[in-house]
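What follows is the residue order along each chain.
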Amino acid sequence: MAGEAPAPHTRRKRMSDSARVPPRVPNVSSERRLVEIRREAENTGKVAAKGVRPSGAPFPIASPETGYYGIPLLKEPAWTWQIPLYFFVGGASAAAGVVGAIGSYTGADRKLVRDARWIAASGCVLSPPLLIADLGRPTRFLNMLRVFKPQSAMSMGVWTLVGFSGGAAAAAFAQFMTDRYGTSFPVRVIEQAGQAASLLFGLPFSNYTGVLIGATAVPAWNENAADLPILFGMSGLSAAVGLLELMGNHKSRALGALGLGAALFECWEGLKIEVQQKPVLKPLKHGASGTLTRAAGLLSGPLPAALRLMSLFSGSGNKSSLRKAAAVSSVAGSLLTRMAWIYAGHVSARDWRIPLGIKSQE
Amino acid sequence: MAITAFLTDSTLCIGCKACEVACKEWNHVAEDGLEWSGFSYDNTGSVGSQTWRHVKFVEQSPEPGFGGNAPEMNSWSFSSDVCKHCENAGCLEACPTGAIVRTEFGGVFVQPDICNGCGYCVVSCPFGVVERNEDDGRAFKCTFCYDRQKVGLKPACAKACPTESIKFGEIEELRHHAKERVAQLESRGMKDVQFYNAGDTSVGGTHAMFILRGDPRQYNLPPKPEVPTVYLRKAWRSSAVGALMLLGGAVVAFLADGNGRR
Numbered sequence: 001m002a003g004e005a006p007a008p009h010t011r012r013k014r015m016s017d018s019a020r021v022p023p024r025v026p027n028v029s030s031e032r033r034l035v036e037i038r039r040e041a042e043n044t045g046k047v048a049a050k051g052v053r054p055s056g057a058p059f060p061i062a063s064p065e066t067g068y069y070g071i072p073l074l075k076e077p078a079w080t081w082q083i084p085l086y087f088f089v090g091g092a093s094a095a096a097g098v099v100g101a102i103g104s105y106t107g108a109d110r111k112l113v114r115d116a117r118w119i120a121a122s123g124c125v126l127s128p129p130l131l132i133a134d135l136g137r138p139t140r141f142l143n144m145l146r147v148f149k150p151q152s153a154m155s156m157g158v159w160t161l162v163g164f165s166g167g168a169a170a171a172a173f174a175q176f177m178t179d180r181y182g183t184s185f186p187v188r189v190i191e192q193a194g195q196a197a198s199l200l201f202g203l204p205f206s207n208y209t210g211v212l213i214g215a216t217a218v219p220a221w222n223e224n225a226a227d228l229p230i231l232f233g234m235s236g237l238s239a240a241v242g243l244l245e246l247m248g249n250h251k252s253r254a255l256g257a258l259g260l261g262a263a264l265f266e267c268w269e270g271l272k273i274e275v276q277q278k279p280v281l282k283p284l285k286h287g288a289s290g291t292l293t294r295a296a297g298l299l300s301g302p303l304p305a306a307l308r309l310m311s312l313f314s315g316s317g318n319k320s321s322l323r324k325a326a327a328v329s330s331v332a333g334s335l336l337t338r339m340a341w342i343y344a345g346h347v348s349a350r351d352w353r354i355p356l357g358i359k360s361q362e
Numbered sequence: 001m002a003i004t005a006f007l008t009d010s011t012l013c014i015g016c017k018a019c020e021v022a023c024k025e026w027n028h029v030a031e032d033g034l035e036w037s038g039f040s041y042d043n044t045g046s047v048g049s050q051t052w053r054h055v056k057f058v059e060q061s062p063e064p065g066f067g068g069n070a071p072e073m074n075s076w077s078f079s080s081d082v083c084k085h086c087e088n089a090g091c092l093e094a095c096p097t098g099a100i101v102r103t104e105f106g107g108v109f110v111q112p113d114i115c116n117g118c119g120y121c122v123v124s125c126p127f128g129v130v131e132r133n134e135d136d137g138r139a140f141k142c143t144f145c146y147d148r149q150k151v152g153l154k155p156a157c158a159k160a161c162p163t164e165s166i167k168f169g170e171i172e173e174l175r176h177h178a179k180e181r182v183a184q185l186e187s188r189g190m191k192d193v194q195f196y197n198a199g200d201t202s203v204g205g206t207h208a209m210f211i212l213r214g215d216p217r218q219y220n221l222p223p224k225p226e227v228p229t230v231y232l233r234k235a236w237r238s239s240a241v242g243a244l245m246l247l248g249g250a251v252v253a254f255l256a257d258g259n260g261r262r
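Protein chains in written order, with the working numbering: chain A, 1 to 362; chain B, 1 to 262.
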């Protein structure tokens with residue numbers, strides 16, 4: 001029986017690459033060498049001849065233990081770097097939209113509400129270009145809006161993005177008009193409508209990306225389908241709170257409480273993954289993707305939680321710097337969390353054993 | 001319109017790859033790279049955006065009698081893989097543009113004039129079939145020769161298959177035929193023959209069915225494929241809980257903060 005199958009070969013090349021492959025014309029010497037290699041393989045079970053990949057020996061075999069030569073069954077996500085960035089931007093802006101709306105309804109500090117509206121609106125300016133840039137056919141982005149499909153998380157996500165963008169843009173526009181020209185009845189109508197829409201669409205928009213990757217065939221993602229939406233939602237909240245604090249709202253006790261709550265929740269989620277010993281969770285714990293996931297978890301959970309707890313018991317001088325350090329950590333952690341999960345999805349899709357139900361030999 | 005299907009009988013496949021060639025010729029699918037894999041005579045690896053039919057070469061240790069080989073020879077079996085055209089198709093459910101549709105013949109078809117290359121079908125296929133072509137930008141897979149079926153022709157691969165390993169026809173007839181064929185092979189002493197159509201999973205059966213010898217896993221066929229929509233319920237429940245946590249947390253935090261006044 002063959003041991004570990006060799007690394008899956010990279011086939012699907014771009015056309016330009018395959019055009020560069022030198023022609024392989026068999027001749028007498030190459031045929032003679034082939035015969036020698038075959039003889040060696042037959043006698044020793046492996047080939048050590050120069051130019052032959054030793055990792056290919058002994059000859060690979062397809063079997064219930066080695067699958068189909070260890071060629072991955074699933075396809076890796078085709079998404080580019082824009083997608084994790086979009087997850088981060090969208091999540092932070094949605095949470096900011098919700099925080100801004102609730103802050104406004106409860107009569108919170110005006111600066112906090114104004115900053116939250118600007119974050120939400122900036123996110124809506126950045127999100128569609130990121131989403132469109134990732135498409136294979138960007139000019140066909142609007143095809144997303146020709147159907148409304150509840151069973152497709154991406155369709156639902158696009159519609160919430162549209163709703164949230166409208167609301168956040170209206171709220172920010174009303175804010176601008178109020179700041180510049182003073183308030184008036186039409187501006188107040190736009191403000192209230194925009195704010196209500198930001199809240200209504202912001203809630204699902206803050207965490208739908210967890211549903212988006214949770215309901216896929218990628219094992220490391222669908223294994224966590226029940227956790228990813230909450231995790232991504234809380235990660236978005238951390239980022240929104242961090243950004244608001246960095247914009248000068250670091251004295252708000254409400255933000256401090258929200259930041260601490262989100263950080264503590266991320267500690268809990270990280271712990272949950274760390275204690276489970278399932279092979280499907282390996283990409284989240286081992287290798288480069290595991291390191292990234294753990295670093296992201298550290299920056300999102302324990303580190304800001306500790307800094308925020310310390311800030312509660314320290315003098316006013318240290319308080320601000322501790323809160324700001326926690327804010328930077330949360331924002332970085334939120335971005336890294338999305339990158340890490342997408343990366344882990346790639347690694348998971350390459351693992352041919354999981355979808356075939358084959359236990360690792362290690 | 002009759003609901004159609006493929007039945008690929010690997011016990012009849014001779015690994016000639018005529019199906020691959022016929023498919024590429026009819027559908028104008030580009031070549032998929034010139035690389036020696038070292039995996040038997042399979043230098044393609046899997047179906048993908050530029051490979052809609054793919055012959056698998058399952059090469060194993062010598063096993064007397066398997067596949068009619070001499071005892072000292074490696075045993076070989078071949079099987080022509082293709083899009084499964086699932087009854088509950090993950091790609092179709094996931095497609096946010098409606099580009100992927102169910103045809104009147106029961107197949108799953110990506111409309112090339114609608115697809116915007118979002119890539120969501122790629123991660124939604126439990127069989128790893130559909131793939132985004134990075135040169136073109138759109139997602140591609142077997143069309144079930146929708147154009148040929150429309151005018152009453154067999155798909156190109158089934159037409160080209162010289163041993164009738166690839167059978168095409170009405171799905172119920174083929175299911176019946178498969179049952180008879182499995183019984184026939186078993187009566188000849190092939191005790192490891194099985195029928196594969198993922199019928200007992202959430203995929204709910206496929207329109208590309210297979211007769212295999214041995215474990216489906218060695219053909220890179222998952223023993224228990226799941227259509228990803230089965231995860232939607234718990235994911236959206238989690239989303240609702242997350243939304244409530246965000247909403248409730250914000251309300252409580254701002255109210256407890258004395259209306260947020262510093």
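Hints may be right or wrong, so weigh each one.
Each computed DSS-like pair below joins lysine-lysine, with the alpha-carbon atoms no more than 25 Å apart [what the hints assert, rightly or not]:
hint	chain 1	residue 1	chain 2	residue 2
1	B	K24	A	K278
2	B	K224	A	K278
3	B	K24	B	K224
4	A	K285	B	K234
5	A	K285	A	K359
6	B	K234	A	K272
7	B	K24	B	K154
Some chain B residues near chain A, calculated using beta-carbon distances under 10 Å [to be verified]:
hint	residue
8	C118
9	P126
10	V251
Just so you know, the hints here were simulated from the structure itself, not pulled from any lab data. Note that CB positions come from ideal geometry on N, CA and C, so glycine has one too.
For each hint, the structure was consulted:
1. K24(B) to K278(A): The hint is violated at about 41 Å.
2. K224(B) to K278(A): 18 Å, holds
3. K24(B) to K224(B): With Cα atoms ~30 Å apart, K24(B) and K224(B) exceed 25 Å; violated.
4. K285(A) to K234(B): 24 Å, holds
5. K285(A) to K359(A): Satisfied, since the Cα-Cα distance of roughly 18 Å is no more than 25 Å.
6. K234(B) to K272(A): 17 Å, holds
7. K24(B) to K154(B): Holds, because 15 Å separates the two Cα atoms, which is no more than 25 Å.
8. C118: 6 Å, holds
9. P126: At about 4 Å, which falls below the 10 Å cut-off, the nearest Cβ of chain A leaves the hint on P126(B) intact, so it holds.
10. V251: Status holds, d = 6 Å.
Checked against the numbered hints given earlier, the structure breaks hints 1, 3 and satisfies all the rest.
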